[in-house]
Structure formats: structure tokens, C-alpha cells
Amino acid sequence: MSFLLRCPNCGERSVADFRFGGETNVRPAPDASHAQWVDYYYFRKNVSGPRQEWWYHKFGCRRWFLAVRDSRTNEVPQTYWPEDRTGRGGDGASQG
Amino acid sequence: MAEPDPRQTRLPPHPSQWTDPASPVSFTYNGKQVSALEGDTIGSALYSSGARIFSRSFKYHRPRGLMCMTGDCPNCLMSVDGVPNVRTCNTPVQQGMEVRTQNAWPSVEHDALSVMDKLDRLMPVGFYYKSLIRPRISWDMARPIIRRVAGLGKVGPEKDPDSEHQHHNLHSDVTIVGGGPAGLAAALEAGRGGSRVVLIDEGPVLGGHLLSDVSVHPELEEHAGLPGYQVAARLAQQVQEMSSIRVLSGATAFGLYPGNLLGVSQGKCLYKVRSRGIIVATGCREVPHLFPGNDLPGVYLGEALRRLMHLYGVVPAGRALVVASDHRGYRLAGELAQAGVQVVGIIDARESSPGGDTADSIPVFTDSSIAGASGLKGVKRALVLDKGTGETRSYACESIVITGTYEPNTGLLAQTSTALRYDPELQEIVPEDTPSGIYVAGDVTGLHNLELSLIQGKAAGCQASLGVDRPTGTELDALRRAIREKEQAYREALEPSSPSMAPSKEAGKTFVCLCEDVTPKDLYQAIDEGFDEMQTLKRYSTLSMGPCQGKMCLRPAIELCSRYTGRTMDETGSTTTRPPLRPLTLGTLAGPLHMPVKRTALHERHVQLGAAMADVGPWKRPHSYGPVSEEIAAVRERVGIIDVSTLGKIDVQGADAPALLDKVYTHRFSNLPVGRIRYSLLCSDNGSIIDDGTITRLSERHYFITTTTANVDLMEEWLKWWNAGAGGNVHVNNVTSGYGAINVAGPKARETLSKLTDVDLSPDAFRYMRSAEGEVAGVPCLFLRIGFVGETGWEMHFSAEYSEHMWDALMDAGSEFGIVPFGVEAQRVLRLAKKHIILGQDTDMVSNPLEADLPWVVRLDKDDFIGKHALEAVKERGPRETLVGFVMEEAVVPEDGVPVMHLGQPVGRVTSSRADPTTARGFGLAWVPADLSQEGAQITIQVRGRPSPARVVHQPFYDPEGARLRE
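Read top to bottom, the protein sequences are chains A and B. Everything in the first sequence is counted per this note's numbering, starting at 1 for the first residue and increasing by one. Everything in the second sequence is counted per this note's numbering, starting at 97 for the first residue and increasing by one.
It should be emphasised that the hints constitute simulated quantities derived from the structure, not laboratory data. A quick note: this is a predicted structure, and the numbers were derived from the prediction, not measured. Glycine residues also receive a C-beta, built at the ideal position from the N, C-alpha and C atoms. Each hint should be verified, as a subset may be incorrect.
[Said to hold, decoys possible] Below, a list of computed lysine to any residue pairs in the SDA-like style, where the Cα atoms sit at most 20 Å apart:
hint	chain 1	residue 1	chain 2	residue 2
1	B	930	B	950
2	B	368	B	292
3	A	58	B	813
4	B	958	A	32
5	B	971	A	30
6	B	226	B	236
7	A	58	B	693
8	B	476	B	489
9	B	851	B	831
10	B	368	B	265
11	B	368	A	13
12	B	368	A	59
13	B	368	B	683
14	B	214	B	468
15	B	476	B	528
16	B	368	A	32
17	B	368	A	4
18	B	694	A	59
19	A	58	A	32
20	A	58	B	265
21	A	58	B	807
22	B	368	A	16
23	A	58	B	831
24	A	58	B	876
[Claimed, not checked] Chain A stretches covered by chain B per the calculated footprint, using a threshold of three residues with CB under 8 Å from any CB of chain B:
hint	stretch
25	2 to 14
26	26 to 34
27	52 to 63
The following block holds chain B by itself, in its conformation from the complex (with noise of 0.2 Å):
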């Protein structure tokens, strides 16, 4: 194919153009280059280039062309440097843009799976709800097929290379969709008025449907003289001058949420914008007419020649008939064939004709109609119907250009309240009560006057800027009448136009869905099986569930059907309108992958130690520094250290906090002496366990929690939960991440913290399950001795700004002794030999107290406690599963969460397990039946898919009187 220089192929240079003919730009179209201006959209760009099929149909493989140019209609879809459904339309081409088509084989020109064309018959509406059932395989078998066959793009498995999805949150006082006159009038009052106004526009250029008119407005007084575009210009001029307002162009407002929370869409950012008031001035779209061949390359929407004609300089060779029912289509027909296109004329279905815009050269068919197109790749002919002498004529054109059949663009109001109806005058479908804060404004409310859109704008934006629905202002007053005289006066000056024919059941291949291929005689046979009614008529033909949403077909469906049944369009109905208005990409949704991570204060520390980091919930902890059982062997036999400043740890303190604590932990805590610490768990009112830790008593009034480090925001929320239901005195503040905590273990954990504190730690004055406060290396720290690992050991909380200088201070204090840090896993080694639970490892969901076997941390004798009642049940009917611990008879560790087998079925599960480094059994906790529970039971774990002996013990396996912990 000869590349044709696109400077050639153009209109003369014009004002309105985009497109800039000294500044030419490449891109690839499957594989071919392309050459583009500055300006174009990929979809002029291959227009103006040669390309008259776009895409290939999703059922039927049939051929389709440009036909909106406004991003309405599903035709031009194609993959984009590998983003696939990108509608070439609308999309600026850039440089070196990697464009390619769909859904055809080998190539959209010629594509072998028009075959499907011809099968219709086999796929009636509905064919898969009735057909490929019986037997079953057929659909297995099937469904591959009608996969590839069926379908649009393609997603690639690799992941989006330029991921970079931004989420942005706006405030406005004031925000308009559509920045076409009636929004950029809006703007201007609003910002006028001194609100704060955001201005959200789908083209690269404020100016909407102006930027493609030619015609100059005599009517507009401030405006006179000026074509369109020009007004357009102008206006938008004064918004981009106006401070007050932020306008975000290429940007689709995709959905209005409750709150008046608009979803907006731009390039890879999605915007939240709240705003008090919103006015809707998205205008209208032309839709379809329904005939015979309606879906043909060469078939368009008469916007789509403006824009093409206007914006890019770009004109359909040959000779072109223009459907035609107001004055619109006449001017239109007149700047075609000034642009040099051969107009064989124009069809009115009107029966006499105004003439006025149009040149006499051009010929009228008064009284007729549309009655199909012919062609195998693109219109050749089209046959018109004269309705007074009921003969059809047939006419050699490569253009048909549908005009005059408008819809506004209701889809944001549709998610809102408000009552759309039809409206028999205006022929449309039209917004009738806005919800308070949410205003129309333009061609949306079905008024298709430019005057009268200007100032609709005006009075949106003045009302929405005062806040009010009912304002008070003169100025508005008189805007208002301003309003109901003209549109009085637009209202007298409709000329009636006979409704558009409705296809016979019989004719050919008449289009109602573009997206998904359904025609008339679908719908008519969905009707007749019942589906007569929008919702589930859409459901069952899959009419409007396409990419376009039904902006295309919808409006025709509706009118379809309501003539099909004899009813109304109101009572004929329409779909539920859902966000998104356009199709948005996951990653637009997803935004940027926030993967918050936590760090403690040591982490520098034990990344200079070369830890081996492991995410445990959000944090980052050292799994361990160098062989395990070194570090195990240090802390049993010397000293450790670890960093726990993952512990969640709240501070709790009123006149009503003991009570607290008593309501909502299993334990009693209004008797704990200052200066001693309790573990307990929490419950919720069924019994089952939410969380477990220490509280140490600090005053009277003053506690100190430590929660597990997944849990403390939710421990928070509960604590504050039952003190706000309960009024009392208590203040709840997590403090994790105001203090840093180490914990030194082990026979040595004295000797070494002694180097460093005044507090004395001997034996009996610093007793297991104590607390003090006092410091160590100059830092004030809150002492609690407790023993996770079995040893002789202190936790020390302390401002989590000095947690380098104590790990320092201690690592040398210990140095002599040999201290070593160790890991989570050690960690996790050691508290399994003490028989010490890990909540969320040990425990689940269902999991309580009584059969997790801490019966001496509940408290039944309590008034009451949060899960007292659920638990006295569990104690009445007895345990069903016990938490035991198991030693395993043979030289087999199990992993975590393997099954416990019972006559060769599983009746429990292994939730710790690790090795006993002396004789490399292993050992763990594990749930089992409560008749294998006792001591010494026998049971069997499944150890890698075999069976595997093993012995219930009920002590710890280490230290079971808890000796060492208390020397």
C-alpha cells in the first residue's frame, strides 16, 4: 500500500483544524508506518490515511468503520502499545505509537471469521442459554471456540510496564461536568461568583460540540458574528483567565457517587472530587438510525464528519447522502459539499422541506426515509423509501450520514435520584427533578439551542455558586424567565418529525447493539419469550452490556420495544445506568501500589548485622542473624537479645480502668498489685479468643498493655469500644510506636543488665511477673519480667528514640558474656518448648480459652467479662478439641498445619511443629480430639503424605516447672 502523504489527502489549512500540517508525526498501524499531524487522533490519523475498517464485530466478524468520533460508539477500538480497547477516536496520536487491530484473523480487511456472518441461524438470542447443555461436554468443548472467536482485545500477561495509576483527592465548592458552552458558562458565573470550580472536560480543548461548528450566531448578541469554534475560544479564554477555576481537560467524569463524590478519570490519575455543587452539562450524542446495513463502514454519525471534516481536515472521498430532519443536517449537507464531497441529497422524513441552509444544488427527498444500505466492506448503495408512494429508490453513495436523532447525556444523573422521563415533544429522554446540590445545564436537558444553553449555564452556575436551591437573587430571577421564555419559543418552533421507521421482522441485518451484535429480530423474539421489559430484555440479549454501554443502542432498544409491546417509553422502562460511564482500566481503580511497610527503630541495626528479614504483618523483623540454633543455644546457655518493639503496647489509665480490664479480659485485673503483671486473653461474647498479652499494673488507675503486633489497632478499637458504650473514666492510647522494647534472655540476662541500671534485679527483689521502672544506660525504662523464652529475662520499654543507644549499650554490656541477638525464629523455637501459643498460629477464629488449654487465665467466677456466658457453656458441655502439645516417637519433624489422623481420617491439625535439636523429633502444638487429649495419647500426624506416631504431652517441653524462669 502506497503511503499517502497526509498533507495530501487533507482539506485546505482552516482555523478550526487541530491539526498543524508542519508538524507531521509517525506511528505504527500493524506493523505499517503511518504518517500523522500534529493534532490528529489515531482514529483521523488512519481515516485520513486510507482505513475505512476499524474493528471487526464481536459476534458476527462484521466490518465496522468510524461512525462517532466522540468515543461513543464501539468501532474504533484497538490495542494501543499494548493496552488493548483504546478508543482510536479521541486518543491523540503520538510519535511512534504502536497501534494495532482486534478480534480479527488474518487482518480486519480481511477477516476469516466473517464466516459468522453467515451462521447466524446457529446463534439466535440466547443461543447459550438454551443450546450446549446436554450433553455436557458440548459446552466444554464449546466454550474454547466461542472464547476466541468472540471478544475484543486482548490483555497481555505481563505486567503494565508504566504503571504509574496516581490517585488524586479534589475540593470544590462548585464542579461541571462538560465543558461545552452551557459548562463553560457555568464556570464562568460560578468563578465569577468567587467559588472554587472545577471544570472536568473530556476533550484536549474546552469548546465541546462549538469546536466543530463553522456557523456563525447571529443570535448571540455578545457573540455576534463569531462562528462557533471561535465562541468557543473565546469562552474558553476566559476560563483559563479565571484563577478560581481548575480545568481538567481529557478527563472523564466516570461516575456520581452518594456525597456528591465525582469519579473522574485522566490519563493514568483518578480523581476524587467532592464538591457541594455539581452541575451536569454533559450534552447530547446523536444515535443510530435503525435500517438495514446501518452498521457499514461509511455509515455515520453526522458529528463524526464535523469532527473529521473541522477538527482534522479530513473528508470521505466520493459522493455522500445526508439523513436529515432540522436544520442541523441541512448545514451540515452544505458544508460537505463545500468541502468537495458529492451530496446526492438529502432525506427528510418531514413532508415539506424548510430548505434555508442548505445550496440549491443540493437535492431534497421530502417525505422519506432511510431504507438501507448495501455493500460488502462499506456503503455502495442506499435505498430510500419516498413514504407517499411507498417506492423505494436505490442511490450510488459511499457516505450515509445520519442526523437529527439526539440523546442527552444522562448517564452521571441516572446514578443520582433523578427523575428521568420522556418528554413526547422534545422526543427525548430528559432530566426532570435534580436532587438538591446537583444542576443541569445545555443540550443534556434535551434543549438543543446554543442561546439557550449560554444561558442555562449562566443560571446553573449562579444557583450552584449560592448554595442553595431556592435562591433569592434577582439576577437569577431573571435568568430564570430568561429560561422559560426561550425555551417556550424552542418549544413552538419544533417541528413535528414522524417517528423513524421501525425494521420489519423480516428485513436484513439491521444493528440495534453495535457492541454485541444484536439486531431487531432478536430483541422481537426476546420479547416474545417473555423478556419485554429494558432489564431483562438487556440481560438476555446482552443488548447495551458492551463497551459503549448503551450510548448507542439504548435509546433505540427503548424505542423498539415500547412500539413492539404498545406501551410507553416510560413504561417501557431502561436499564440501570452504573458507573463506570466509560470503561476504565484496573490500574486507573487500583491507583499506585501503596504497600506500607513498618520498621522498627533497630532496623539499621539488624541490617549491619546482616538479618535476614521476614514480613511478619506489615513489619519488617529479623528472621534470624546466622545459624538458629546458634541463637537458641546463646539464650538457653547465656544471653540473647531481641527486639520487640513490634509488640503492640497501650497505655490505659482513669478512675474506671481497672473495672474496664475486668469487663473485657478473661482475668481479673482490679486485684493486681501495682508493680505485677498478668497474661490474659480477651474473648468476644461468643468465646472465642481476639487476643492475648501482659498488662502490667503501673498505679492504681494505670496500666500497661501489650497486645500481639497484628492486633493493636484492633484491641484498641475495642477497648475504646467497651469504655464509649460504658461511659467510663478510662483513656485508651496506643503507644506503640512511642516506645521501642528489647528483651534480654538467659542465664546471663542479669549479669549483663546489672552493667547498666541501679535497679536491683537480684532474685528476690526482682521477682518473675514484676515490674519496676528505673534506667538502664542513662534511658528511663519501664522493667517487666517476663519469660516468652523460657529464661530469665526482662522486657524494657523505653522511648522508642533511644532504641539504638540501649541495643548498643547492651550488646557491649553483654559482649563479655557472650550475648548474641537472635531472631524471630529462635524466638519462635524457644516459646514452642515453653508450650507458649501464638495467637492467629496456635489459635483461630473458633478457637477459646478452655480448649486452647489456658483454663487459669479465665475467670469464671467473675461478675461478668466479655465471653463469660459463651464460656460457662463450653464448660458445661465439655471440650470437643483440645490445643496439646505432641512429641513425635520417630525422627520426623511435621510442617505447621499438616493433619492429625484418626482410623485413617483427619480429625485435628498440627499448628507449631519444629525439631528438638538433641534428638531431632519433632515436637509441637496441635490440635486434637478431646478423647486424645489426655497424656500420653497416642496419635498419628501425617508427616509428607505418611502416617507418622506420635505421643500427647501435656507439660511444657522445656523447664515444665518453670524453673529457670524464676531463678
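Just chain A, same shape as in the assembly (with noise of 0.2 Å):
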């Protein structure tokens, strides 16, 4: 892996500075089923094409983003801090 990611705070850099934070996804409410949980917890899509990640880039500014990936090819169209995610792709809530 040495693709380049940009980072909305610092711009483009090599993927070794960032940490890798998996593809978004929505908690559960509280009150959900435990086969909910499960499938939160255990369970990932794993998409073949673009998919909405968190990264962290842990050799720089030490923030959060979300970057529209495609696990193909690792290419990155997007990138874009959480608060700005309406209307992008993925599935927009991240942890709930």
C-alpha cells in the first residue's frame, strides 16, 4: 500500500502516515437486538468499489476524517472532514 491520501487539514501524503479507522457504520440503538449488536460488532460489508472510511492521521494533524475509498483500486476521489459528510456517499451516520 502507498497510495496518497489527502487530508482535509494537511493535503495529500503518503497512507503510511494514517491510521486506518474501517469502513463507517451505524450503531445500533440500545434498546436493538442482540443479532443487531452482533452484526455491528462482528460483521462488516466489505465492499468491492468506493466506500466510506474513517482514517486518522496519526503522523500529522491527529484528526478524524472520512474518505470515500475504492477498495479495487485504492483510489480516493473524496476526503472530507465528518460534519461535512451530508449528501456524500456511504451510509452517512458513523458510529451512531
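Could you fit the two chains together into a complex? Lean on the hints.
Encoded structure:
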């Protein structure tokens, strides 16, 4: 993995500067069923194609942001702050 | 062996040569002194001293000699100064080098293992997949023998004495791989346009194949009348003069990764080069022809002799036969003749010879092909087939020179999405479409014409520095037109050459893959067994899996497979090219051994006090300053002081800070009064513990958190992540290194501290789990009254730069009470007596707070928190195992980690254990099954292999009521 990611704060950097935070996911409501919690915690959609992910600029500004990454090509057409995510791809809410 | 003077065996000096007759150097070869000249490679020097066998082959131990002189084939691998598998043909010689041959006994000249060559029937392709399976022991018996017989150099077990490996990052607008004519032209053009350029070249001198080209090129207007090597020198000179070009010579671009990242190794340096545009001008290489005996020493690729002759002034003695299919072979034959080699003839597969470049005195055999070579340790005779008559004739000669088959060096391109296709006109596998930002120029395009290469280079340099795929520059349009015209002319001038003969199944040993000793017979058999395309054929036969990684064999193998299966070259496919293109040492990849060490601001004080330092994660912490029991006694009876600066410290502020902490911690913090401290855990949503620590509320919207030493970065990420997801107004700052922290604890802690501060520390004014701000010895401090070690104490946090002042002031103030600094070990014993857990020591990845016996920290009455659902589920099902205290019934101390036994089976484990100083019995914490967890339960602990009785204790071992803490 050597692709570049554009941190919304710092700009384009090697992916080695970042910590991968996984695909965005909706955390169930507190009264959700056990099955929903198990599904949330243990299962990933693992989309082959563009998907919304969390990334943390560990060796930079130490901030979390969202990226749309194509898991087939590692192309990252969009990165943005979580508060700017309305209307973007992915599933909107992150952890509930 | 009489040592020949290297100057006697050389050709007369010529300006193309790199060797300097005035500067002799010497090195040892298998312990014997060898003379060489400055400018030689190890290979050229050995060759000039008369060495012809350079190695023994992998499987059959056949003799192998110099063949490519370009670092592509595996034949010249030797051990140099203890480093195995060094390509000696392109490694510059250095005074005093120690060079040894590999994989032969007693010597490469007389290798007893060459008997393997006669045992080939026992080792057909893939024999280790089919034989040595039953009985099972046969593989165990055969394995050490196979490992000894097969293989390359040996890696010494000792550490690399000179492991000064470095990693560098380079950034450029344009990076050019290959310093041949196309690469040089590209660099000049890109540099002229103002781009920052990096030029990577494998050789010690820029120029590529032009360096060994002594013919003149009248077609080049700019360089008319100059021989190739002078054209190279001119271009190289211009490149050196351009300050925007950085040249990496003797450097190998071994990988092209996504994001236009090039991996480049140069000596002990690894460069990571990022560029907007990459121009691949890696040229081409010659590949061997397939005929029986094609691996014998004395069979050369044309470029090898060109380099030996023109760079190092060495030619093979005796007679030579040249296989040619175009003017380059004829020209080489002429050059050899001129250098005094008796050229027996030129073998040309074409029906008629164009003549031209060569002297009339050399006989030309047209419509002929090389059919075999024979000799024991080198070529003695060559067989030539007259394709017209079908007759085979034998010629005595010592050298067979193979020219005319080129393979573009597309290794880097194959690591990208570039389409590589077989061009039937060029009869080469060439790049078709390159992805955006990657350009090609020169021989790598399959067009071998100097004038064209220079224009291609110029166009690529122009295009890459424009930074767009469809540039509008009129100059570029003109260059592209010129390329189209010249390419068309080039293609029209190509003379159809009938493909070289495919060796029949019955012929003697022909080698497709020199590295792994794979013959056409092996490939045919593998194809018959169903491995009929390159990917599986490679894996089954080990073809292309040796040190040269297919550079010599892939092209002939694809051709062979395609012809045997009746499919096209493209249908036959190829193998997947992966980095590294050339073998790298592990040291290169590992780089410098950066092991970061963290020291607290009090490190010097600990050293001055003679502390034994221990590694705690990346930190250096005092294990102890003297006898641990005395440190423990001082804390219990008087006052102790410990540097706790390594604690993770996070400052959390903002309107949504209470909500964030309520969410991530198991305890509740929105209701924590200002000035109070609460201990809590954090869990993940599966209920397992991530971290613990204290949270102090400094104001309505401001908290100060301590975390475990090792987890602070993770906690920072964790808090920020949940806040980012919730979109809360919270600022999370990791202030670990900003604050120093010292804990003063013991019955005399209050008196010690009171001497230095105005803060009222009396029991009623400053109660347990409260905080305050104030000065100590003039330093602003945050006081936290907590009690990890079980005595009255304060943890002070302050700006790290005051650490030594604070320490000195406290030591001074405490001296009248007998203050003693204590280390990590004393702290561990003291906390264990209080049953305070250490995360990661007493818990692991799956421990949850309920089973870790900390239910009071978990507020299941909160609406939600991370891990709540999982912990409710745990509560519902009841605990399976529990973390309990234990005391041994005998005066024995279990070691940390030993099993808890029940009915002869391990059912739990001890996580922390120490000796009670008064009874000498062990006590500590252990995970036990739920049914053995009740107070007073009898358990058995394995102590040094012997079961020993112990009793479960729920209360802390020391001051169970916590009276001393609260005093």
C-alpha cells in the first residue's frame, strides 16, 4: 500500500502517515436486539468498490476524517470532515 | 596458478574503456590474490585473470560462466566480503575485497556434486511433489541433503558488521528510470522545462548501452561523427550541468507502487521516490537462445562481449562463432575480429545476408541456426544447422556469441496497469497503454533505434513535465509526428527473421531457466501434466523463480509454451511481475534500526540515584534504586516518591465533554462534581476492557484524564473518533509529554508536601479522590489525591520543565521524614497488596469489567455507553471466570502466568504474584472459573511444576477498609 490520501487539514500524504479506521458503520440504538449488536460489532460489508471509511492522520494533525476509497484500485476521490459528510456517498452516520 | 598481470591480458587502452592501467588494485578470490584495475568489476577482473567458471548451477551443479555482464543472469553470483549472492559482473572491484564462489565443493572448477547432472532422471520436474511422500520419513531424510546440494550462497549467522542502512524520501516532478540515451534525453527535456528531475541509473556511469557502443552514428545530426560512447558522455555532461536534475547512479529501481512511488536501492540506501510523472526508459536486454549446451561457459550474450571488450579491455581468447539476425550482430563480429578474436563465422537465420558492417574475411552462414554446443567445462565445439539442406556441421570454437533477440525491460511497467502485448511485427512483448503519469521511451518500447530513442525521450520528458496526458504544446506535436514517421520507417525496414528453432523433446540438455536448471523437457512434461499456461507452469516447474526472476527465461519459456500448445503468445500469457525486480538484502528493506526510547524529564535524577532502569514499553523507568523491600517499607512507614510522568494524560474540554465521557467510559461523569476524581474503565462494544484511569473534573466543561502508559495514543484516537462520529464540541489534547507527574505517598506525605505548598492538605479539607490546584515549591500543580499504592498520597501534575526542581524540592522537604524514591517494582507490589489491577498484566484482550471483579465501575443504569449491551449480556449469563485474589497456603511464590489447576487440568492462570514480606507466602491475582471464585475457595496453583494449595481472597490484602488511604 503506497497510495496517497488527502488529509482535509494537511493535504496529500503517503498512506503510511495514517491509521485506517474501518468502513463507516451505524451503531445500533441502545435497545437494539442482540443480533443487531453482533452484526454491528463482528460483520463488515467489505464492499468491493467505492466505500466510505474512517482515517486518522496519526503522523500529522491527529484528526479523524472520512474518505471515499475504491477498495479495488485504492483510488480516493474524496476526503472530508465528518461534519461535511451530508449528501456524500457512504451511509452517512458513523457510529450512531 | 601463475598470476597473469592484468595489463598483459588486456586490449590496448581505448577512450571507451573504464579500466585504468595505471591504477592496479588487488583482491582475493577463494583466498588467492587476484590483480585488477581500477574501473574493473569483480567479474571483468576475474575474467581477465583467466577465470571462466564462475558458479555451479542450482540443481545439476553444471559449470556456468559470465553470460550477460549486465547483472541479469544468475551465473556470476558469488559471496563478497561475507555477503552472499552478489552479482560480480557489475559490482565494482575494490582493493582488498574477499570474493568466494558458492554452492560447489571442493571448488567451482572441480565440483564433486556435478554428479547431479547425471542423476536428472531421478529428479524430473516437480519430483518433490510426487516422490518422497511415503514413507513420511523419506522426506525428513532427503530434506537436509536436498538443502545442502541445491541452493545458492550461505548467509552467515553473525550480524551484518556494517549495517548502516538508510532510508530516504525523495520528491520530484519527474523521475526517469534508466540513464541510457532515451532517459538522458528525457531528463534534459524535463529539466529544461523547469521540472525537478530524479534520474535513476543502474550503472556507475550514465549512458546505458551507448557506453559500449564504439560505432559512429551519422544519422544523429546533433552528434554526427561521434561514436556512441562519446554521444553518451556528451549527454551525461549536459545532465550533470543541469542543476534541476538529481542523478542516482548505481541505483536500482526495484518496484513501482501505487501513487507513483518508486522503490530504489543504492548501496546501503533505500530511496522512496514520489513523483508526478515517471518515465520508464529501462531499455532492453538480450535473451539466450535455446540449444543443447546453451548454458556452457563460453556462450555469451552479445552485450557481455561488447562490455568486456569496450569497457574493460578484455576479449575471450581463441575462436568465436557469432549468431546474428541483424546489423548489430555483424558489427559485433567485426569488432571482435578487430580485437584479435578469430571469428569462425556468423550464423544468420535469414535466407540471405545483407552483409554491410562486417569485414569480408568473416564467413557468413545464412539460412542457418545454432544447433548445439559441446564441451566439458566450456564450449569446445559448436553445431550449426543448415536449414536449407538439413545438414549439421561442427565447428571448433571456444566462444558462441548470441545476439539478435531482445526483450524490453518492462518489469516496472508490469507492476502498473500497463498493457503488455506481443507485437508480432517486432516479435517482442511491448507496453501498449501506460496509465496516467507513466511514460515510456527508448528500447523498452521494442523499437531499437538510437535516433528514435532520443526523440522518444525528448517527447516523454516534455510530456511528463507538462504534467498532463494530452498536452497542447506544438513542440510536443512535432515530436510525436517525428516518432510516428520514424517508427513507421523502422517497422518497414524490419527484416522478417524466422523464429529460432524450438528444441525437440529428445535433444540434450538445453536450459530455459538457468537459475533453477529447468529444461524444455521439464516444461513439455509439465505442460503434458496439465500445467499449460505460464502461471501454473512457473509454480510447478520453478521456472523463473530463481535469482534472475525470469529475466533470462520468461521470454523463451512463453515462446516454447505457446508453440507446444499451439496458442498465441498473448494467449499463453505471462507470470505476474512483482517487486523487487532485483534481489534486495533484508538490511536494505529493514533500514536503520530506529528503536525510539522515551525518557521522562527526571531521567538524569534516576541515573544519579543509581536506579536500575527497566524498559516499560518505549519508556525507561526505574525498576528500583536499591532493595525493593526497603522502598516498600519506606512508603508504608514514612514517605516515598515516584516519578509517574509516563502516565498518559489527556485534556478534554468542550460543551459536549461530559456527554462524550459518559459515552466512552463505563462510569458516569456528567454527574461528577467539579474537583472530584473518579476511576473508570473503557470498553469496546464487545464489552472487553480497553483501558482504565482516573478522570478529574476541573470545571463544568473541562476534564483531566490519565490513561495507562502504553495506551495513551490509542485513547487519544478513541476519544477523538467517538467525538468525530457524534459531531460533538469537544477538544481532546494529548498532554502526556507536556506534564511531569510525581506521586508522593506514605504516612508522612502530608507533612512533606505541606512544607512546600499553601494548599490545605488536612484530611477534612483535602479528601480522598479530590483534586485541587495550587503551587508546590513555586510550581503551579494539579493535585490529585489518589492512592494506587494504598497510602495517603498525592499525584502532582505540573509543567514538565519543572520536573527536576519539583523532585529536588520534594526530596529535600522529605529528608527529615526519611523520604525514599521508589521504583516500578515496589509500586507493583504495593498496588498488588491493594488488589489494584494493571491493564494488560491482569487483563487481556477479552477481559470484561464484570468478570475482572470491577462491577462498581460499570453503570448499567446509564442510557448507553460503549460496551453496555455486551456487558448486560455478560451479566445475564453470569460470569464464566473471575479475577480473584489468592494467598498461598505454603511459603511459596508462584511466577506470573503459571496455571491454576483443578482435577489435574489447567483451569485458570496467575496474572500477578509477589511474596508477602512477613509470611514469605505468595499472594496475587488469578483468573479462576466462576465456581472456584467464592471467598475462601481452595484452589491449586502450579508452582515450578508442583501443585501447591492456595485460598481465594476477595478483600485487598492490605488495609482492606482503605483507612490509610483516607487518613
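The hints, checked one at a time:
no. : hint            : in the structure
1   : 930(B) - 950(B) : 13 Å, holds
2   : 368(B) - 292(B) : 16 Å, holds
3   : 58(A) - 813(B)  : 8 Å, holds
4   : 958(B) - 32(A)  : 15 Å, holds
5   : 971(B) - 30(A)  : 16 Å, holds
6   : 226(B) - 236(B) : 15 Å, holds
7   : 58(A) - 693(B)  : 19 Å, holds
8   : 476(B) - 489(B) : 14 Å, holds
9   : 851(B) - 831(B) : 28 Å, violated
10  : 368(B) - 265(B) : 5 Å, holds
11  : 368(B) - 13(A)  : 13 Å, holds
12  : 368(B) - 59(A)  : 18 Å, holds
13  : 368(B) - 683(B) : 15 Å, holds
14  : 214(B) - 468(B) : 19 Å, holds
15  : 476(B) - 528(B) : 43 Å, violated
16  : 368(B) - 32(A)  : 49 Å, violated
17  : 368(B) - 4(A)   : 13 Å, holds
18  : 694(B) - 59(A)  : 17 Å, holds
19  : 58(A) - 32(A)   : 33 Å, violated
20  : 58(A) - 265(B)  : 19 Å, holds
21  : 58(A) - 807(B)  : 14 Å, holds
22  : 368(B) - 16(A)  : 12 Å, holds
23  : 58(A) - 831(B)  : 15 Å, holds
24  : 58(A) - 876(B)  : 31 Å, violated
25  : 2 to 14         : holds (count 4)
26  : 26 to 34        : holds (count 5)
27  : 52 to 63        : holds (count 5)
Going down the numbered hints, you'll see the structure goes against 9, 15, 16, 19 and 24, while the others check out.
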